[in-house]
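Q: Residue strings, one per chain:
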Amino acid sequence: MSPPLVEVSAISRSYAMRSGMFGRSTAVHAVDGVSLTIRKGEILGLVGESGSGKSTTGRIVLGLEPPDRGEVRFDGKPMAAPGTAAWRAQRARMQMIFQDPLGALDRRLPVAAQIREPLDIHGVGTIAEREDRVRELLRAVELTPAHGARYPGALSGGQRQRIVLARALATKPDFLVCDEPVSALDVSIQAQVVNLLCDLQAQLGLTLLFISHDLRVVRQISNNVAVMYLGRIVEIGSADDLFARPEHPYTQALVSASPAPGRRSAGRIVLAGDPPNPAARPQGCAFHPRCPRAIARCASEVPALSSVGGDRQVACHLVSGAETREAA
Amino acid sequence: MGRYFAIRIGRAALTIVLVVTFAFVVLRLSGDPALMILGPEAPPEVLAAFRKAWGLDDPIWLQYLDYFGAIAKGELGRSMRDGRPAIELVLERIPATLALTLPAFFLKVALGVPAGIYAALHRGSGVDRAVMMTAVAGFTVPSFVLALLLVLVFAVQLGWLPSGGQESWRHAILPITTLSLGGAAVLARFTRSAMLEVLGQPYIRTASAKGVPWRKVVTSHALPNAAIPTVTILGFMVGTLIAGAVVVESVFAWPGVGRLLVVAVANRDLAVVQCILLLVAMTMVSSNLIVDFLYGFLDPRLRAKGAHA
Amino acid sequence: MTDATLKDTAVRRRISLPAIPVSVALAIGWIVAMLVIAAFAEKIAPYGYTQLDLRNRLAAPGNVAHWLGTDELGRDVLSRLLVSIRISLLIAFGATAISAVVGTMLGFLAAHFRGGVEQFVLMLTDFQASMPFLIMALAVLAFFGNSLPLLVGLMGLFGWERYARIARGLAISANAQGYAAAVRQLGATPSRIYLRHILPNIASTLIVSTTLVFPEVILMESGLSFLGLGVQPPMTSLGNMVGYGREYLTRAPWIMLAPATTIVVTTLAVSVIGDWLRDKLDPTLQ
Numbered sequence: 001m002s003p004p005l006v007e008v009s010a011i012s013r014s015y016a017m018r019s020g021m022f023g024r025s026t027a028v029h030a031v032d033g034v035s036l037t038i039r040k041g042e043i044l045g046l047v048g049e050s051g052s053g054k055s056t057t058g059r060i061v062l063g064l065e066p067p068d069r070g071e072v073r074f075d076g077k078p079m080a081a082p083g084t085a086a087w088r089a090q091r092a093r094m095q096m097i098f099q100d101p102l103g104a105l106d107r108r109l110p111v112a113a114q115i116r117e118p119l120d121i122h123g124v125g126t127i128a129e130r131e132d133r134v135r136e137l138l139r140a141v142e143l144t145p146a147h148g149a150r151y152p153g154a155l156s157g158g159q160r161q162r163i164v165l166a167r168a169l170a171t172k173p174d175f176l177v178c179d180e181p182v183s184a185l186d187v188s189i190q191a192q193v194v195n196l197l198c199d200l201q202a203q204l205g206l207t208l209l210f211i212s213h214d215l216r217v218v219r220q221i222s223n224n225v226a227v228m229y230l231g232r233i234v235e236i237g238s239a240d241d242l243f244a245r246p247e248h249p250y251t252q253a254l255v256s257a258s259p260a261p262g263r264r265s266a267g268r269i270v271l272a273g274d275p276p277n278p279a280a281r282p283q284g285c286a287f288h289p290r291c292p293r294a295i296a297r298c299a300s301e302v303p304a305l306s307s308v309g310g311d312r313q314v315a316c317h318l319v320s321g322a323e324t325r326e327a328a
Numbered sequence: 329m330g331r332y333f334a335i336r337i338g339r340a341a342l343t344i345v346l347v348v349t350f351a352f353v354v355l356r357l358s359g360d361p362a363l364m365i366l367g368p369e370a371p372p373e374v375l376a377a378f379r380k381a382w383g384l385d386d387p388i389w390l391q392y393l394d395y396f397g398a399i400a401k402g403e404l405g406r407s408m409r410d411g412r413p414a415i416e417l418v419l420e421r422i423p424a425t426l427a428l429t430l431p432a433f434f435l436k437v438a439l440g441v442p443a444g445i446y447a448a449l450h451r452g453s454g455v456d457r458a459v460m461m462t463a464v465a466g467f468t469v470p471s472f473v474l475a476l477l478l479v480l481v482f483a484v485q486l487g488w489l490p491s492g493g494q495e496s497w498r499h500a501i502l503p504i505t506t507l508s509l510g511g512a513a514v515l516a517r518f519t520r521s522a523m524l525e526v527l528g529q530p531y532i533r534t535a536s537a538k539g540v541p542w543r544k545v546v547t548s549h550a551l552p553n554a555a556i557p558t559v560t561i562l563g564f565m566v567g568t569l570i571a572g573a574v575v576v577e578s579v580f581a582w583p584g585v586g587r588l589l590v591v592a593v594a595n596r597d598l599a600v601v602q603c604i605l606l607l608v609a610m611t612m613v614s615s616n617l618i619v620d621f622l623y624g625f626l627d628p629r630l631r632a633k634g635a636h637a
Numbered sequence: 638m639t640d641a642t643l644k645d646t647a648v649r650r651r652i653s654l655p656a657i658p659v660s661v662a663l664a665i666g667w668i669v670a671m672l673v674i675a676a677f678a679e680k681i682a683p684y685g686y687t688q689l690d691l692r693n694r695l696a697a698p699g700n701v702a703h704w705l706g707t708d709e710l711g712r713d714v715l716s717r718l719l720v721s722i723r724i725s726l727l728i729a730f731g732a733t734a735i736s737a738v739v740g741t742m743l744g745f746l747a748a749h750f751r752g753g754v755e756q757f758v759l760m761l762t763d764f765q766a767s768m769p770f771l772i773m774a775l776a777v778l779a780f781f782g783n784s785l786p787l788l789v790g791l792m793g794l795f796g797w798e799r800y801a802r803i804a805r806g807l808a809i810s811a812n813a814q815g816y817a818a819a820v821r822q823l824g825a826t827p828s829r830i831y832l833r834h835i836l837p838n839i840a841s842t843l844i845v846s847t848t849l850v851f852p853e854v855i856l857m858e859s860g861l862s863f864l865g866l867g868v869q870p871p872m873t874s875l876g877n878m879v880g881y882g883r884e885y886l887t888r889a890p891w892i893m894l895a896p897a898t899t900i901v902v903t904t905l906a907v908s909v910i911g912d913w914l915r916d917k918l919d920p921t922l923q
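Chains as they are written, first to last, in my numbering: chain A, 1 to 328; chain B, 329 to 637; chain C, 638 to 923.
Derived from the structure by calculation, the hints contain no laboratory data. Nothing here was measured: the structure is a model prediction, and the numbers come from that model. Any given hint could be a false lead.
FRET-style restraints, in silico, Cβ to Cβ [to be verified]: (1) 700/C / 622/B: 27 to 37 angstroms; (2) 198/A / 840/C: 17 to 27 angstroms; (3) 614/B / 660/C: 33 to 43 angstroms; (4) 125/A / 828/C: 46 to 56 angstroms; (5) 756/C / 238/A: 48 to 58 angstroms; (6) 15/A / 419/B: 28 to 38 angstroms; (7) 622/B / 756/C: 50 to 60 angstroms; (8) 412/B / 884/C: 44 to 54 angstroms.
Ideal Cβ positions, reconstructed from N, Cα and C, are used throughout, including at glycine.
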């Protein structure tokens with residue numbers, strides 16, 4: 001097995017949020033004790049509803065914001081503090097793909113200039129080499145040099161996301177965080193972009209953290225999957241296994257709600273209760289108010305993430321029994 | 329709601345502190361006060377005594393605190409021209425200024441607000457275009473030009489009204505007209521855009537789509553909401569009652585605070601200038617506070633938010 | 638939006654640009670004329686602006702020697718007007734440039750550092766917006782006396798708070814989501830983010846604000862000069878001329894009417910251009 005590229009240990013991040021303009025501020029725990037390991041060349045899918053803290057996790061993993069507690073190590077070394085020169089230099093090795101490609105591009109610059117920008121920033125090669133690299137990148141994302149002369153406003157959504165991808169790949173990074181990279185695109189274009197991402201990942205040996213609420217996309221692309229609920233990882237395991245045999249009641253609900261070929265929607269689990277609100281986190285297991293199988297213990301005690309055999313880990317009082325069962 | 333007002337009052341106090349700081353910094357940057365007040369020919373021992381008496385040898389932060397203390401006690405210095413306390417000079421001019429600016433303020437509101445509302449309700453009509461054109465003129469014609477034009481027409485050419493002085497009520501007509509015309513135009517333009525903004529809101533369309541009579545939509549939905557931004561600008565206008573008279577009082581030789589300020593600046597009578605500066609700051613701050621309090625009552629959202637804060 | 642509609646709007650925009658309304662064309666023409674006058678005032682002027690012609694004192698306009706007449710000392714009103722335009726525009730341009738640069742920079746600093754720096758900048762903008770500028774300007778003039786550089790600097794403090802607010806607001810939203818955040822995570826330095834990306838993106842809004850501040854600076858300067866507290870004789874500016882002409886309102890109203898008309902038409906022209914630009918560049922700005 002390849003060595004780990006990114007090691008995340010017990011990171012937490014909370015924000016002060018005010019209710020209304022003059023209300024008192026309350027701490028919102030966006031991310032609460034998340035640990036992950038991403039190996040070189042691996043694609044880890046991070047799944048969760050909005051408000052689950054998956055985007056914040058992505059930003060911390062990429063070093064865009066510091067965790068309140070815990071640590072992120074990249075290639076064995078701790079992440080530099082945001083905004084420092086060391087941090088800026090580190091950006092050449094890790095990049096982000098955004099949900100909204102139009103927002104991530106500067107509308108007032110031709111896209112070729114924007115693809116070239118990381119090369120300018122990090123002083124890679126001569127001017128002529130940079131121009132060559134831009135053409136090469138445009139080809140790599142299946143666009144032509146003619147597209148490069150256009151402005152973001154004159155490209156389609158899918159084309160823009162390819163530009164963002166080309167820009168992210170310019171400095172030959174090792175690690176990409178993709179935050180909902182295709183959810184703003186038409187379904188027909190989603191597949192193209194995901195396929196392109198898969199191809200490039202295989203060609204370049206990229207390591208990816210792929211954040212999405214869309215299980216179909218995650219299933220298509222990921223080797224391993226982590227499921228988040230209200231700032232914590234509730235289940236993590238290899239993608240095929242996890243989708244075939246979800247253990248956590250929340251994962252089960254997600255998988256059953258996601259259409260899959262050859263399965264009837266009859267067994268769909270419909271979650272009751274309010275959607276998760278990070279500002280009002282329930283006691284005990286955060287999922288217990290909506291859990292169809294909750295017991296008394298779930299309301300008082302937070303379940304720890306523990307191994308249930310193989311590489312699967314689950315945070316659920318009901319499932320942790322499985323560990324003892326298998327051990328027996 | 330208490331928190332809301334606490335913030336506002338804190339900010340008002342902060343503005344006053346900043347004005348005092350501004351006056352202090354400008355005063356200290358402009359040169360040695362001893363030299364300035366006693367003149368360059370003053371003997372060195374007199375200068376030294378003066379510096380000692382006024383604490384000018386103290387560290388700067390101590391002087392700053394002393395300055396605050398003096399202002400808090402109302403010690404604003406004496407006019408260099410006639411040696412009278414500056415505050416007395418300023419206070420005795422206030423009635424003359426208010427005699428111009430208060431009627432002008434009411435005229436502005438009486439002309440500007442209805443014109444703005446009417447223009448907004450009859451968008452694109454002749455009246456609307458006339459209001460907009462007048463408003464543009466009100467912005468581009470400076471008050472001193474307007475004042476001189478009025479003098480040229482009504483005093484010089486027609487000889488109906490006096491061109492300056494303060495002998496009778498007829499002397500106040502031209503200054504008041506000058507002050508009101510410009511302000512009314514600005515107010516009309518502002519009210520119009522506030523009304524148009526509100527009239528474009530979905531709840532207005534919803535109300536009229538539900539069959540609420542248009543007159544009722546306007547009076548019970550549009551006007552109250554348009555009142556909020558209009559009150560802000562009115563508050564600002566109250567705050568400029570004194571400052572706004574500077575130019576007009578000078579043109580019409582009207583012995584108010586504004587003219588006093590111009591004369592004091594020309595003579596570098598620092599105590600009087602500083603006193604007027606503080607007076608203007610106080611009026612601005614208090615009128616802003618009043619507006620903020622009015623807001624609390626006009627804006628139900630603010631009330632609701634305050635209620636559970 | 639599909640590619641076809643995108644192209645469509647792009648084409649339509651390109652076609653509609655040259656269609657300038659008559660009022661805007663006139664306004665632009667006037668401003669260009671003013672700029673030419675400001676640049677070549679001394680060369681165009683038929684007489685020196687302080688040159689006396691004692692035989693032709695208070696000559697009425699339409700005179701062969703003095704098109705716009707002369708004043709009490711027989712100085713040519715046209716020549717004085719041309720030089721006044723130059724001085725007034727110099728002050729207005731200098732001041733507008735200072736306030737735009739200072740305001741935008743403070744806005745960017747507030748957006749970049751947040752926290753204490755931001756609170757400090759906001760406090761200053763509130764203070765500046767809540768105090769009538771004329772009074773502050775008069776206070777400074779009283780304390781410091783008068784000179785042209787001081788006057789330009791002082792007028793440069795006018796209106797900076799609007800740029801600061803706009804720059805701060807737009808930079809914060811750009812930093813929070815979108816291109817600025819994207820460029821930042823590419824490893825760009827703050828100066829690159831603010832100057833190469835954010836500034837061009839908010840330039841149109843800033844330019845529209847400039848068209849609001851510029852006429853006000855002209856009015857403010859001419860007001861101060863009118864009161865005798867701005868530009869000092871023997872130098873002359875538009876407000877100065879109006880102030881001087883006020884003494885001869887009865888006998889020679891043309892001395893005052895020529896500069897007064899220039900002030901009004903210039904501010905009107907800039908406002909017309911500003912309104913038009915606002916509709917063109919930035920429909921969201923009220």
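Q: Using the C-beta atoms of residue 756/C and residue 238/A, is the stated range 48 to 58 angstroms upheld?
A: Roughly 50 angstroms apart at Cβ, these two residues keep to the hinted range, so it holds.
Q: Against the range 28 to 38 angstroms, how does the distance between the Cβ atoms of residue 15/A and residue 419/B compare: consistent or not?
A: violated, 53 angstroms
Q: Hint says 33 to 43 angstroms; check whether the CB-CB distance for residue 614/B and residue 660/C agrees.
A: holds, 42 angstroms
Q: Regarding residue 412/B and residue 884/C, is the given constraint of 44 to 54 angstroms on their beta-carbon distance met?
A: violated, 30 angstroms
Q: Holds or violated: 46 to 56 angstroms for the Cβ distance of residue 125/A and residue 828/C?
A: violated, 22 angstroms
Q: Given the hint of 50 to 60 angstroms, check if residue 622/B and residue 756/C actually sit that far apart at their C-beta atoms.
A: violated, 26 angstroms
Q: Using the C-beta atoms of residue 198/A and residue 840/C, is the stated range 17 to 27 angstroms upheld?
A: violated, 40 angstroms
Q: Is 27 to 37 angstroms right for how far apart the beta carbons of residue 700/C and residue 622/B are?
A: Distance hint for residue 700/C, residue 622/B is violated at roughly 58 angstroms.
Taken one by one, the earlier hints fail for this structure at numbers 1, 2, 4, 6, 7 and 8, listed in ascending order.
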